[in-house]
Amino acid sequence: MKNSPNRILGVIFGAVYVLVGLLGFAVTGGVGFVATEGGLLLGIFEVNPLHNIAHLLIGAALLLAGLANVRAAKGVNGTVGAVYLLLGIVGFFIADTAANILALNTADHILHLGSALVLLVVAIAADKHVAPATRPAV
Amino acid sequence: MIRALWPALASLGAGLVLFATAAGAAPAVAIPVGIAGAVELAWAFSVLRAGRLVMPRAAIVGGAVGIVGSGFLLLTGPVALVPFVALFVFHWSIAIAAVIELRGARARSLGAAATVAMAPSTAPSTASAPAPAPRQRRAGAFTIVLVIEAMLVAAIATPALAASEAGEFAVPHGTLHSGH
Numbered sequence: 001m002k003n004s005p006n007r008i009l010g011v012i013f014g015a016v017y018v019l020v021g022l023l024g025f026a027v028t029g030g031v032g033f034v035a036t037e038g039g040l041l042l043g044i045f046e047v048n049p050l051h052n053i054a055h056l057l058i059g060a061a062l063l064l065a066g067l068a069n070v071r072a073a074k075g076v077n078g079t080v081g082a083v084y085l086l087l088g089i090v091g092f093f094i095a096d097t098a099a100n101i102l103a104l105n106t107a108d109h110i111l112h113l114g115s116a117l118v119l120l121v122v123a124i125a126a127d128k129h130v131a132p133a134t135r136p137a138v
Numbered sequence: 001m002i003r004a005l006w007p008a009l010a011s012l013g014a015g016l017v018l019f020a021t022a023a024g025a026a027p028a029v030a031i032p033v034g035i036a037g038a039v040e041l042a043w044a045f046s047v048l049r050a051g052r053l054v055m056p057r058a059a060i061v062g063g064a065v066g067i068v069g070s071g072f073l074l075l076t077g078p079v080a081l082v083p084f085v086a087l088f089v090f091h092w093s094i095a096i097a098a099v100i101e102l103r104g105a106r107a108r109s110l111g112a113a114a115t116v117a118m119a120p121s122t123a124p125s126t127a128s129a130p131a132p133a134p135r136q137r138r139a140g141a142f143t144i145v146l147v148i149e150a151m152l153v154a155a156i157a158t159p160a161l162a163a164s165e166a167g168e169f170a171v172p173h174g175t176l177h178s179g180h
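Chains as they are written, first to last, in this note's numbering: chain W, 1 to 138; chain H, 1 to 180.
Since the hints were derived computationally from the structure, they do not count as laboratory data. A portion of the hints provided could be inaccurate.
[Unchecked claim] Now the in silico label distances, taken between C-beta atoms and shown as ranges:
#1 H:Leu102 with W:Leu86: 31 to 37 Å
#2 W:Asn3 with H:Val68: 40 to 46 Å
#3 H:Ala50 with W:Gly29: 45 to 51 Å
#4 H:Ala28 with W:Ala26: 47 to 53 Å
[As the list claims (entries may be wrong)] Some chain W residues close to chain H (C-beta under 8 Å, calculated; not the full set):
#5 Ile8
#6 Leu9
#7 Val11
#8 Gly114
#9 Leu117
#10 Val121
#11 Ala125
All C-beta atoms in this analysis are idealised placements derived from N, C-alpha and C, irrespective of residue type, glycine included.
Hey, can you work out the whole structure from these sequences and the hints?
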């Protein structure tokens, strides 16, 4: 695992996102499931219960893939990175509207954009020796 | 690959800021700026796939055009000061990285030519070749550099996105608005 940046980052980011998801519930007591105004995690990141669940699911996916093998880590890192990039862009433009069902704030945007760049770049640029999944012959 | 990470990330950051600028601009500005953003993203992905800084001469020209263009947009209104500073930093660093890459390539080709001229022996000497770094150490260094640089680009790009015309409509809850 130590030879693969995809697995290293998948495990680290996965563990951090699972932890963040769990800690989020400590600050979202009384906050509506999709409330646009959430609680502040670590005094910085605004979250609501849906946001916490998203963190848990994404963290679990990254962690499991990172622990599994390089190909899985690379695939999940790329997918989550692309989703985060989309969220970093789209979420930005819906932040002050009723569509902000994840209660995103500026600190969230920095974290999402940073995570997107890290996960996308590592999926594209690292572990190039890993062959893409081949389709089984029918 | 590690040396090519920053220009690729900076180009991704510049592309995002240009898209935000295009999103809030009139069509006459939005179309060329949006195309420029798409070119930035395409170049960044090319660099990442190639594992090295591709088309360094074009990158220098692109960096210069980016700096001059964002200065023009600052003076004429579509770009505020914060996005301009972000675009300046991204394009300037891309151009510098491309210059370093070109100089390195020139030095390598001169060194190779000198080696061939001075040592006509057909047997290549491996005694002075640097030992390849252990894969594990390279992976660790790549990971650390990538995380630091990506977070730096995010920290530069996000305020720039917030200060863009489109970002004005996306002021985050509970941080800048007080009248909810």
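Hints that the structure is at odds with (numbers, increasing): 7
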